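Participant: Protein sequence lines correspond, in order, to chains A and B.
With the UniProt record's numbering, letter number 437 in the first sequence gets 437, and the count goes up by one each step, no holes.
With the UniProt record's numbering, letter number 186 in the second sequence gets 186, and the count goes up by one each step, no holes.
Derived by calculation from the structure, the hints in this document are not laboratory data.
Predicted, not measured: the structure shown is a model, and the values here were computed from it.
Where a beta carbon is used, it is the ideal one built from N, C-alpha and C, also for glycine.
No incorrect hints appear here.
Computed spacing ranges between beta-carbons, pair by pair: (1) A:Glu380 <-> B:Thr168: 32 to 40 angstroms; (2) A:Gly2 <-> B:Gly435: 56 to 64 angstroms; (3) B:Ala6 <-> A:Lys292: 35 to 43 angstroms; (4) B:Gly435 <-> A:Gly9: 51 to 59 angstroms; (5) A:Glu353 <-> B:Glu179: 22 to 30 angstroms; (6) A:Gly18 <-> B:Glu40: 48 to 56 angstroms.
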Amino acid sequence: MGRTQEVVGRARAAFRSGRSRPLEFRMRQLKNLERMVQEKEREILAAIKADLHKCGHNAYSHEIMGVLGELALTMEQLPTWAAPRPVKKNLLTLRDEAYICPEPLGVVLVIGAWNYPFVLVMQPLIGAIAAGNAVVVKPSEVSEHTSQLIADILPQYLDKELYPVVTGGVPETTELLAQRFDHILYTGNSAVGKIVMAAAAKHLTPVTLELGGKSPCYIDNDCDLDVACRRITWGKYMNCGQTCIAPDYILCHPSIQSRVVENIKATLQEFYGNDVKKCPDYERIINKRHFKRIVGLLEGQKIAHGGETDEASCFIAPTILTDVSPESKVMEEEIFGPVLPILSVKSVDEAIEFINSREKPLALYVFSNDKKLIKRVISETSSGGFTGNDVIMHFFLSSLPFGGVGNSGMGAYHGKHSFETFSHHRSCLIKDLKMEGTNKLRYPPSSQKKLDWAKFFVLKRFNKGRVGLMVLALLGVVAALVIKVSW
Amino acid sequence: SENPYAGLVGRLRAAWLSGKTRPLEYRVAQLEALGRFLGEKQQDILEATALDMRKPPFEAEFSEVLLCKNELNEALNNLSQWVKDEQADKNLATQLDSAFIRKDPYGVVLIIGAWNYPIYILLAPLIGAIAAGNCVILKPSEVTKNSENLVVEALPRYLDNDCFAVVTAGVEETTRLLENKFDYIFFTGSPRVGRMVMMAAAKHLTPVTLELGGKNPCYVSDSCDVQNVARRVAWGRFFNAGQTCIAPDYVLCSVEMRDKLVPALREAITEFYGSEPRNSPDFARIVGDKQFQRVRALLSSGRVAIGGQTDERERYIAPTVLVDVQPSDPAMQEEIFGPILLIITVASMDEAIDFINSRERPLVVYAFSSNSKVVNQVLERTSSGGFCGNDTLMHVTLTSLPFGGIGSSGLGMYHGRFTFDTFTHHRGCLQRGAGLEPINTLRYPPYGAHKMGLVRTATTVKRRGDCALL
Chain A
1 MGRTQEVVGR ARAAFRSGRS RPLEFRMRQL KNLERMVQEK EREILAAIKA DLHKCGHNAY
61 SHEIMGVLGE LALTMEQLPT WAAPRPVKKN LLTLRDEAYI CPEPLGVVLV IGAWNYPFVL
121 VMQPLIGAIA AGNAVVVKPS EVSEHTSQLI ADILPQYLDK ELYPVVTGGV PETTELLAQR
181 FDHILYTGNS AVGKIVMAAA AKHLTPVTLE LGGKSPCYID NDCDLDVACR RITWGKYMNC
241 GQTCIAPDYI LCHPSIQSRV VENIKATLQE FYGNDVKKCP DYERIINKRH FKRIVGLLEG
301 QKIAHGGETD EASCFIAPTI LTDVSPESKV MEEEIFGPVL PILSVKSVDE AIEFINSREK
361 PLALYVFSND KKLIKRVISE TSSGGFTGND VIMHFFLSSL PFGGVGNSGM GAYHGKHSFE
421 TFSHHRSCLI KDLKMEGTNK LRYPPSSQKK LDWAKFFVLK RFNKGRVGLM VLALLGVVAA
481 LVIKVSW
Chain B
1 SENPYAGLVG RLRAAWLSGK TRPLEYRVAQ LEALGRFLGE KQQDILEATA LDMRKPPFEA
61 EFSEVLLCKN ELNEALNNLS QWVKDEQADK NLATQLDSAF IRKDPYGVVL IIGAWNYPIY
121 ILLAPLIGAI AAGNCVILKP SEVTKNSENL VVEALPRYLD NDCFAVVTAG VEETTRLLEN
181 KFDYIFFTGS PRVGRMVMMA AAKHLTPVTL ELGGKNPCYV SDSCDVQNVA RRVAWGRFFN
241 AGQTCIAPDY VLCSVEMRDK LVPALREAIT EFYGSEPRNS PDFARIVGDK QFQRVRALLS
301 SGRVAIGGQT DERERYIAPT VLVDVQPSDP AMQEEIFGPI LLIITVASMD EAIDFINSRE
361 RPLVVYAFSS NSKVVNQVLE RTSSGGFCGN DTLMHVTLTS LPFGGIGSSG LGMYHGRFTF
421 DTFTHHRGCL QRGAGLEPIN TLRYPPYGAH KMGLVRTATT VKRRGDCALL
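Input sequences plus hints: build the corresponding full structure.
Facilitator: Quick look at the structure:
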């Protein structure tokens, strides 16, 4: 129990000292973080390559670009985000100060995942620092190179006590989860998500759970199939399918299934050439355990393309399955690999019904030229997020909250939403000690007269428009004076 | 054995899947029906709460009816705005796309009420849940039997029974109720039960809002109008016979201030309730025997400066002020939730702040001073759900202020628009076109060094003032 307890205790003491709160301090830490990403870019790309066989281009655009963007946005907006927010007052509080003050929660725990091992730790960290918290960072041990790198470089740039890195596996994470935090952001699977929430419940700690599920992708007959399949191919096979918002499976009319397969095959050729295994732009499965799991999903399936595997290098070729049965194993769990099942549906109604009969996914994709159809699917389904006529892309717009719903998670972050997630919105009402007159309305002994006055001041009415409101306000001031005089 | 509530939850889930609760007109109609309930059943509400805890009619009308009507009107006035897609700022890559945040209902939500404001605490969340388009199961507190009966019998006559149900449940039954899967759980009550609710929710990955409690400190500085302070503090403490989650629990002040405050409090209490508060129609009673015993036991802490009288038959505890209270006393170990105000003396504001910060974060911190700097110091150097300077309770009457706790006083918040947001899943949506595919090729393999250079240039966000040449 010793080590993690010490680390968390130190972070809490550091938070209590108050030094993470001033804006200048937060900005400095964020600036240092930016410097770290820029100065250590090579090391970061190398670590990600070692973990996932990911080429520099991908690693940069998946993991570094977004982080730099988030840092720039946060540093620019922080003074605005952190400022007290005045609120609309009622007649009784007209003369008072009423505002919402964003405040740090305290000590935040960020648990990263292995599939995008750098960005999934960094993005929450940025928001948590910006909100004034101390942050304990626990990168995934599965992506061991990136985890070790983060443990090495973060203390070189950030306040060591306020933002410690804890490395390790299940035992260390369990130890961590027994400690008290003021918010926990966890990225991973639903099974562990439940464990995290249960641990958090003991301390009444709020949680943000970024989980997963099977993100459906419906291809309408009326769409630019060429473009659709290219975009789907990109999103499905990036990071070797190990993306929480990858299109997990396709739903389409049986009449276009073969064209879909042909288009994806052609795109795969374009992207990775004739010999995918030799292509430097194609990643690998993270480890043998996941490799075996994914290979197991291929059993009994009709392989329309791909299917080649090599255990020694954890290589699985981009694979397409057709005529997949909804009851098969590949449709039971999130695939998280380069295997794309295609299921037949006769109509968008059937697609909607299919989607709604399953757990709410993290992402939902629809390809169609028919705007009405897209609108309909959005309105009749539920998902964490949605992209129409593309995949993945809603993740990169930080003005959109990124998170799940139901089994795919709770809470959201990115951009300002990170700041909000890691802040406490403290309501503040500051009144005057004078002006006791109006207060007497509410004190006992009660009377009908008092009640009527109280109603006048407190009760909201149906909007009578701006003029009505002003007249009301005027009346209120008059009333206040009258009461002051008469009591 | 099968869960006794599985059938009900299943029925509501089917209603949810039918999409009935989603159209704006439907939600407005249900909210208007709720308005009629409040109007037509107002007298019944006053009578029920009077029977349950001798809640004075003024208090009941103010806190149970008026505040609910406020929430209702706020929702009805603004719902068409709240449900709209929120347009999201776009970046360079998405300029031609449509980016918005869709407000999706969660589905079937559970609202567990509390007994101290049995109508308000049940209905205020209900208003937001309906406004957000959900189906709702309501579980009123079983402690306030008359209010519970009123809700069970009358509410279903106003709301659509396909989509809104009221269940009665004691402790055991509530545990079984919580075994079912809900899409959101809203709970008001104690931290102890809050933990159990969250544990149960974790099994289904159900998001929760927990409105809990704690000991709300009230700092009174030496520079203040003592009589006004006394009135405001007394009002906040003795409203509903102290059974208010945001009541000032204990006062922190100097010895000198205490000596002025006690007589001022005595005067305020007399002003409010007369010389014999027991005979005042404006003073409530403790809700039940169990709670009465618990609160009465706290009277042994410190020394009684005002009040202290009790009557078990009536569950009457006089408006009481205890002084010379030590942090180790029983009254300082738990939320009082009764008409007992503690006064603890401190040497300075700093000591008061340290005292507050050494304890669990409360639902609200109060500070009284004619010096605004003092008020701001206390605000800035403490942490709590909410803060009110120079008054008590009033911050919850403003629907534009979010109401919720932090740490053991709770998680999440509501009131006004925040209730709607609580029961809404904010879904990030991006709608692209099929055109402009050439731009996308930047992201597709095969990757060459030239592509990397292009990507960097096109996407690097420069800080204003950075020299691009460096």
